[in-house]
Amino acid sequence: MSQKTDVLISCHCGAAKQTVVLRPPEPQATPGPIDIDLCHCHACRHSSGLLCVSYAPIQTPRSLSGLRIYPSESAQSSSRTTLTRYFCDTCGCHVFQRKQTSPNKPVEAGDAEEELLLRNARHVYTADTKDGGLSPFINVDSVEELGELERHGHEEPHVSSSQTRDEEGKDVLQAHCYCKNVRFRISRPDASSRLPHSGFPDLMIPFKTSPREIITNPQNEKWWLCPHGDPNPTKYLAGTCACRSCRLTSGFEIQTWAFVPRTNIFFLPPNSPSSTSSASPASSDAIPLDFATLPPGILQSYQSSPGVLREFCPRCGATVFWHDRWRPDLIDVSLGLLDAPEGARAQRWLEWWYGRVSFEEDADNERFGEVASWARNLVGNLARGLKRWEDGKGEGS
Numbered sequence: 006m007s008q009k010t011d012v013l014i015s016c017h018c019g020a021a022k023q024t025v026v027l028r029p030p031e032p033q034a035t036p037g038p039i040d041i042d043l044c045h046c047h048a049c050r051h052s053s054g055l056l057c058v059s060y061a062p063i064q065t066p067r068s069l070s071g072l073r074i075y076p077s078e079s080a081q082s083s084s085r086t087t088l089t090r091y092f093c094d095t096c097g098c099h100v101f102q103r104k105q106t107s108p109n110k111p112v113e114a115g116d117a118e119e120e121l122l123l124r125n126a127r128h129v130y131t132a133d134t135k136d137g138g139l140s141p142f143i144n145v146d147s148v149e150e151l152g153e154l155e156r157h158g159h160e161e162p163h164v165s166s167s168q169t170r171d172e173e174g175k176d177v178l179q180a181h182c183y184c185k186n187v188r189f190r191i192s193r194p195d196a197s198s199r200l201p202h203s204g205f206p207d208l209m210i211p212f213k214t215s216p217r218e219i220i221t222n223p224q225n226e227k228w229w230l231c232p233h234g235d236p237n238p239t240k241y242l243a244g245t246c247a248c249r250s251c252r253l254t255s256g257f258e259i260q261t262w263a264f265v266p267r268t269n270i271f272f273l274p275p276n277s278p279s280s281t282s283s284a285s286p287a288s289s290d291a292i293p294l295d296f297a298t299l300p301p302g303i304l305q306s307y308q309s310s311p312g313v314l315r316e317f318c319p320r321c322g323a324t325v326f327w328h329d330r331w332r333p334d335l336i337d338v339s340l341g342l343l344d345a346p347e348g349a350r351a352q353r354w355l356e357w358w359y360g361r362v363s364f365e366e367d368a369d370n371e372r373f374g375e376v377a378s379w380a381r382n383l384v385g386n387l388a389r390g391l392k393r394w395e396d397g398k399g400e401g402s
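Using my numbering, read the sequence shown as starting at 6 and increasing by one per residue.
Treat the hints with caution; some may be incorrect.
Straight line, CA to CA, 27 Å or less: simulated DSS-like cross-link-like pairs of lysine-lysine [claimed, not checked]: (1) LYS104 <-> LYS22; (2) LYS175 <-> LYS227; (3) LYS110 <-> LYS185; (4) LYS213 <-> LYS227; (5) LYS185 <-> LYS175; (6) LYS104 <-> LYS213.
Ranges of calculated distance between the beta carbons of each label pair, as one might list FRET restraints [stated by the list, open to error]: (7) THR221 <-> GLU371: 25 to 33 Å; (8) GLU218 <-> ASN370: 20 to 28 Å; (9) THR24 <-> ARG193: 45 to 53 Å; (10) HIS233 <-> GLY37: 40 to 48 Å; (11) PHE373 <-> GLN64: 19 to 27 Å; (12) GLY312 <-> ASP11: 31 to 39 Å; (13) HIS233 <-> GLY397: 14 to 22 Å; (14) ALA196 <-> GLN64: 50 to 58 Å; (15) ASP176 <-> PHE212: 28 to 36 Å; (16) HIS233 <-> GLY312: 25 to 33 Å; (17) ILE292 <-> THR214: 38 to 46 Å; (18) ILE220 <-> ALA297: 22 to 30 Å; (19) LYS392 <-> GLY312: 30 to 38 Å; (20) VAL26 <-> ASP396: 26 to 34 Å.
By construction, these hints were calculated from the structure, which means they are not laboratory data. Note that the structure is a prediction, hence the values are computed from the model and not measured. Glycine residues also receive a C-beta, built at the ideal position from the N, C-alpha and C atoms.
The whole structure should be built from the sequences, with the hints applied where relevant.
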């Protein structure tokens, strides 16, 4: 790595802003870039709300002020290590995580603003995803399934027990954060799914290079319903985002969203009878999503820009939703929360957009030196991988 080891980190609201000192991971004895793992395990996905996370090892930080702490214990009886996560009390950004067995804290790679030299070395715990998650789209040096004792203090590999139908026999997709304070389900598209009006997202039409008259969707296309143009859609559009706001409110480089009408999202309040069991929520328990009437304590909101709100779990910090005042009835759902039996990409429910990473050009926004190059490389790598998959060159395509 470079001789300069100090790095400036920050969350979106700035409460966690400080300088930390990078250190190579203990197994990495030789000089060179710091190896970064992209973790796809069940616990990281459901505690972040994203499909994969990345951490850079650092020395003990100067301050934990303004950070909320969430502990979780390993289910490994032979090595019960405790993992502690630290996320911003205001904007929800994941800033640090620490194993009790280690005096040092890793910092999320997405927070870094100054120079450092990082290398995306491995995908780990891809088996937890069943379908590879984002790993097929991002080239790294290796893909490894680490031993159980090397897990991030998480539980054993997750086996989905979510039922795929509600008590009325309707097809549903379950979703939850790691602590299960946030639990909801998504229903298939119906007549109400066509009611929202929305301009096109940057995922489909790049805002910086496209005329406004196209972005505003004057033909009122229901672009979030898939297959596109099908009179009886069965899926929702999903894609990736690399914008600065998503990065600094989550703490990680790559956000993944599905675009779902509010009328197709139903919450299971924590104090409902079904919330204490692993069964699918009963229709009598589930309530339609209404941010104004949702019981307190389930979601915490953060206004990332005027008129734009992001929700996260106030207990474990998982990113949950993005929505704004211009399209209040179409919600961005954070995909790491989904518990689809077929795999993390939930391809029975979602149609992925492979043509672009939303705000790809934003990957190095307000970043400098080596970290800007690293971020551009990672997001560019993802964009190329998505394109290869679309062109039929990806494995299993």
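Results for each hint:
1. Proposed proximity of LYS104 and LYS22 is supported: the alpha carbons are some 22 Å apart, at most 27 Å.
2. For a cut-off of 27 Å, the pair hint linking LYS175 to LYS227 stands: about 23 Å separates their Cα positions.
3. Using a Cα cut-off of 27 Å, the hinted pair LYS110 and LYS185 holds, with the two alpha carbons roughly 25 Å apart.
4. Restraint check for LYS213 and LYS227: the C-alpha separation of about 22 Å stays at or below 27 Å, so the hint holds.
5. Proposed proximity of LYS185 and LYS175 is supported: the alpha carbons are some 23 Å apart, at most 27 Å.
6. Restraint check for LYS104 and LYS213: not satisfied, since their Cα atoms lie roughly 42 Å apart, outside the 27 Å limit.
7. A C-beta distance of roughly 28 Å is found between THR221 and GLU371, which places it inside the suggested range of 25 to 33 Å.
8. The given range of 20 to 28 Å is respected by GLU218 and ASN370, whose C-beta atoms sit roughly 26 Å from each other.
9. The beta-carbon spacing between THR24 and ARG193, approximately 49 Å, falls within the hinted interval of 45 to 53 Å.
10. Range check, HIS233 to GLY37: about 46 Å between beta-carbon atoms, so the 40 to 48 Å window is met.
11. Here the CB-CB span from PHE373 to GLN64 is close to 21 Å, well matched to the stated 19 to 27 Å.
12. Between GLY312 and ASP11 the Cβ separation comes to about 36 Å, which falls inside the hinted range of 31 to 39 Å.
13. Against the hinted window of 14 to 22 Å, the Cβ-Cβ separation of HIS233 and GLY397 comes to about 19 Å, which satisfies the hint.
14. A C-beta distance of roughly 57 Å is found between ALA196 and GLN64, which places it inside the suggested range of 50 to 58 Å.
15. Roughly 34 Å separates the CB atoms of ASP176 and PHE212, a value that falls within the hinted 28 to 36 Å.
16. Distance hint check for HIS233 and GLY312: the Cβ-Cβ separation is about 27 Å, which falls inside the suggested range of 25 to 33 Å.
17. Checked against the given bound of 38 to 46 Å, the beta carbons of ILE292 and THR214, roughly 41 Å apart, stay inside it.
18. For the hinted restraint 22 to 30 Å between ILE220 and ALA297, the CB-CB distance of approximately 29 Å keeps it satisfied.
19. Taking the beta carbon of each, LYS392 and GLY312 are about 33 Å apart, inside 30 to 38 Å as hinted.
20. At roughly 43 Å, the beta carbons of VAL26 and ASP396 sit outside the given window of 26 to 34 Å.
Going down the numbered hints, you'll see the structure goes against 6, 20, while the others check out.
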